[in-house]
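Protein chains in written order, with this note's numbering: chain R, 1 to 275; chain A, 1 to 243.
Quick caveat, the hints were computed from the structure, so don't treat them as lab data.
Being a predicted model, the structure only gives us computed values, none of them experimental.
Cβ atoms here follow ideal geometry from the backbone N, Cα and C, with glycine treated the same way.
Be aware that one or more of the hints could be misleading.
[What the hints assert, rightly or not] Computed list of chain R residues with no C-beta within reach of chain A, every gap over 12 Å:
| no. | residue |
| --- | --- |
| 1 | Gly108 |
| 2 | Glu183 |
| 3 | Arg184 |
[Unchecked claim] Here are a few chain A residues that face chain R, going by a calculated C-beta distance under 7 Å:
| no. | residue |
| --- | --- |
| 4 | Pro134 |
| 5 | Leu137 |
| 6 | Leu236 |
| 7 | Gly237 |
Each chain is listed here by its residues.
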Amino acid sequence: MTDVLQLRGLGKTYAGGKGRGETVALDNVDLTIGEGEFLSIVGASGCGKSTLLRIVAGLERQSSGELLLDGTPITRPGRDRGMVFQQYTLFPWLTALENIEFALRDSGRRERSDIAREYLEVVGLTSFAEHFPAQLSGGMQQRVAIARALALRPRILLMDEPFGALDSQTRMLMQELLLAIWERDRLSVLFVTHDVEEAIFLADRVCVMASKPGRVRELVRVEAERPRILEQQSSSQFMAARQHVRGLIHDEAVHATSGLEAVLARREPSGEGTS
Amino acid sequence: MAALFGAWAAVTYGGLVSDLVLPTPSAVLKSLQTGWHDGTLVADTRDSVVRILAGFLISSALAIPVGLFMGSYKVIEAALEPPIDFIRYMPAVAFIPLTLIWFGTSATQKLVILFIGIFFQEVLLIMDNVKTVPRQLVDMAYTLGLSQWQVLRTVVFRASLPGIVDTLRISMGWAWTYLVVAELVGAESGLGFRIQQAQRYLDTGAIVLGIMLIGLLGLIFDFSFKFLYARSFRYLGRTAGAR
Numbered sequence: 001m002t003d004v005l006q007l008r009g010l011g012k013t014y015a016g017g018k019g020r021g022e023t024v025a026l027d028n029v030d031l032t033i034g035e036g037e038f039l040s041i042v043g044a045s046g047c048g049k050s051t052l053l054r055i056v057a058g059l060e061r062q063s064s065g066e067l068l069l070d071g072t073p074i075t076r077p078g079r080d081r082g083m084v085f086q087q088y089t090l091f092p093w094l095t096a097l098e099n100i101e102f103a104l105r106d107s108g109r110r111e112r113s114d115i116a117r118e119y120l121e122v123v124g125l126t127s128f129a130e131h132f133p134a135q136l137s138g139g140m141q142q143r144v145a146i147a148r149a150l151a152l153r154p155r156i157l158l159m160d161e162p163f164g165a166l167d168s169q170t171r172m173l174m175q176e177l178l179l180a181i182w183e184r185d186r187l188s189v190l191f192v193t194h195d196v197e198e199a200i201f202l203a204d205r206v207c208v209m210a211s212k213p214g215r216v217r218e219l220v221r222v223e224a225e226r227p228r229i230l231e232q233q234s235s236s237q238f239m240a241a242r243q244h245v246r247g248l249i250h251d252e253a254v255h256a257t258s259g260l261e262a263v264l265a266r267r268e269p270s271g272e273g274t275s
Numbered sequence: 001m002a003a004l005f006g007a008w009a010a011v012t013y014g015g016l017v018s019d020l021v022l023p024t025p026s027a028v029l030k031s032l033q034t035g036w037h038d039g040t041l042v043a044d045t046r047d048s049v050v051r052i053l054a055g056f057l058i059s060s061a062l063a064i065p066v067g068l069f070m071g072s073y074k075v076i077e078a079a080l081e082p083p084i085d086f087i088r089y090m091p092a093v094a095f096i097p098l099t100l101i102w103f104g105t106s107a108t109q110k111l112v113i114l115f116i117g118i119f120f121q122e123v124l125l126i127m128d129n130v131k132t133v134p135r136q137l138v139d140m141a142y143t144l145g146l147s148q149w150q151v152l153r154t155v156v157f158r159a160s161l162p163g164i165v166d167t168l169r170i171s172m173g174w175a176w177t178y179l180v181v182a183e184l185v186g187a188e189s190g191l192g193f194r195i196q197q198a199q200r201y202l203d204t205g206a207i208v209l210g211i212m213l214i215g216l217l218g219l220i221f222d223f224s225f226k227f228l229y230a231r232s233f234r235y236l237g238r239t240a241g242a243r
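Modelling step: build the complete structure from the supplied sequences, incorporating the hints.
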């Protein structure tokens with residue numbers, strides 16, 4: 001498998017305010033994403049997973065290390081990476097169709113319209129082409145955002161908690177939709193979420209991150225076969241993976257939350273019995 | 001509205017208050033007739049409207065780009081906000097004596113007062129309008145390959161436009177106050193000037209007429225802005241609910 005995206009010793013440090021030291025958001029992150037691979041990143045809030053994605057998107061620069069897309073260093077945002085954020089990703093003054101066309105400004109008028117309609121169909125929103133974002137539900141808005149990212153025909157799809165603002169019912173449907181699209185195009189995907197189930201259900205590999213400083217704790221391979229269906233979520237493979245990933249994140253969260261470790265330690269059965 | 005008018009008619013026709021304190025509705029109507037026939041009504045209204053539009057357009061044409069840059073770049077905000085804030089707190093009407101010395105009762109003097117009154121308030125409000133544009137929308141535009149200038153022009157400006165139009169509507173309201181005060185103090189025409197003239201002759205009918213005309217014009221401008229907003233920003237879905 002060829003690597004689409006390579007992160008080598010990636011680090012990000014923010015200068016601290018007055019009297020405070022600098023904050024290490026990311027420390028020595030090594031990660032590769034293969035051609036057609038679906039990689040999820042999970043971790044407690046503050047572990048730098050969104051920062052990592054922003055750096056890959058070119059919205060921020062790393063402080064150290066190397067970042068390569070098809071072997072070429074990433075220095076700025078570009079259309080070879082399709083981005084989907086959690087919210088506010090559509091331009092409110094443009095219709096669903098126009099939002100996609102806007103991303104294709106370089107193409108001719110005719111071609112632009114054809115591609116936009118093609119991808120609206122991929123996400124099943126052909127009949128909502130002329131609707132403005134405010135007239136669409138949250139799930140529909142994210143579908144348009146996904147269609148727009150796909151329409152760029154990017155090398156990799158970057159998703160930052162794209163379903164995080166949706167209700168659980170819609171979120172599940174969106175996960176299935178995303179899988180259907182991914183199985184069709186076999187696009188490389190880097191998917192950031194704090195939802196462990198979501199991360200496992202979608203991904204080939206789950207990257208569990210640790211915080212303070214943000215770093216890769218463990219890479220967990222999800223062995224469940226494709227195509228994935230919802231029923232698999234209750235299979236033993238999934239349960240085991242979920243248990244494992246949850247455990248890692250829990251330890252990490254306890255460790256990272258000041259003062260909590262000592263409190264929780266007192267709860268453990270110590271054999272003293274009650275007096 | 002009807003109750004207010006009824007109360008006014010009752011106290012004046014009923015002789016509860018003298019004409020010198022408050023004119024009767026018919027006295028106001030008579031002032032309207034006189035003003036219409038001698039042409040002062042139209043001329044004064046025209047002069048005031050031209051002044052306010054000129055002052056408003058010049059101020060806004062400058063406030064929009066400056067506010068856009070201040071809201072988008074921290075460095076520009078840090079450099080410009082303190083001086084603008086300082087001037088903003090100086091009452092525009094306090095500049096009237098000074099501007100009269102500089103420019104006399106000319107049209108320029110009215111423009112300067114309007115500019116001082118509008119620009120400095122407007123620029124800060126527009127900066128705030130610009131700041132409400134979600135960060136993710138801007139980031140999104142960058143990932144679509146837009147340059148910094150394109151992002152500013154096609155995304156940040158466009159996204160904050162509804163807020164800007166609302167700001168313009170509100171500042172138009174202040175503009176009337178500044179203009180009328182400037183005309184009361186030193187002018188050769190305009191609605192404020194007419195009110196000031198009427199005061200000399202204790203012509204309360206003409207004074208009330210002037211006040212009502214200013215109110216009516218303000219209402220028309222306000223309504224125009226609201227109409228423009230409703231027409232231009234249907235996509236926000238706030239007005240679509242009426243259907």
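To see whether the hints hold, each was checked on the structure:
Interface exclusion of Gly108 (chain R) from chain A stands, the closest Cβ pair being 17 Å apart, more than 12 Å. Remark: the non-interface label on Glu183 (chain R) is consistent with the geometry, its nearest Cβ contact in chain A lying 25 Å away (cut-off 12 Å). For Arg184 (chain R), the condition that its CB be more than 12 Å from all CB atoms of chain A holds, with the nearest at approximately 23 Å. At a threshold of 7 Å, the smallest CB-CB gap from Pro134 (chain A) to chain R is about 4 Å, leaving the interface hint in force.
The beta carbon of Leu137 (chain A) is positioned within 7 Å of a beta carbon in chain R (closest approach about 5 Å), and the interface hint is therefore held. Interface restraint check for Leu236 (chain A): the shortest CB-CB distance to chain R comes to about 6 Å, inside 7 Å, so the restraint holds. The criterion of a C-beta within 7 Å of any C-beta in chain R is met by Gly237 (chain A), whose closest approach is roughly 3 Å, and the hint holds.
Hint compliance for this structure: no hint is broken.
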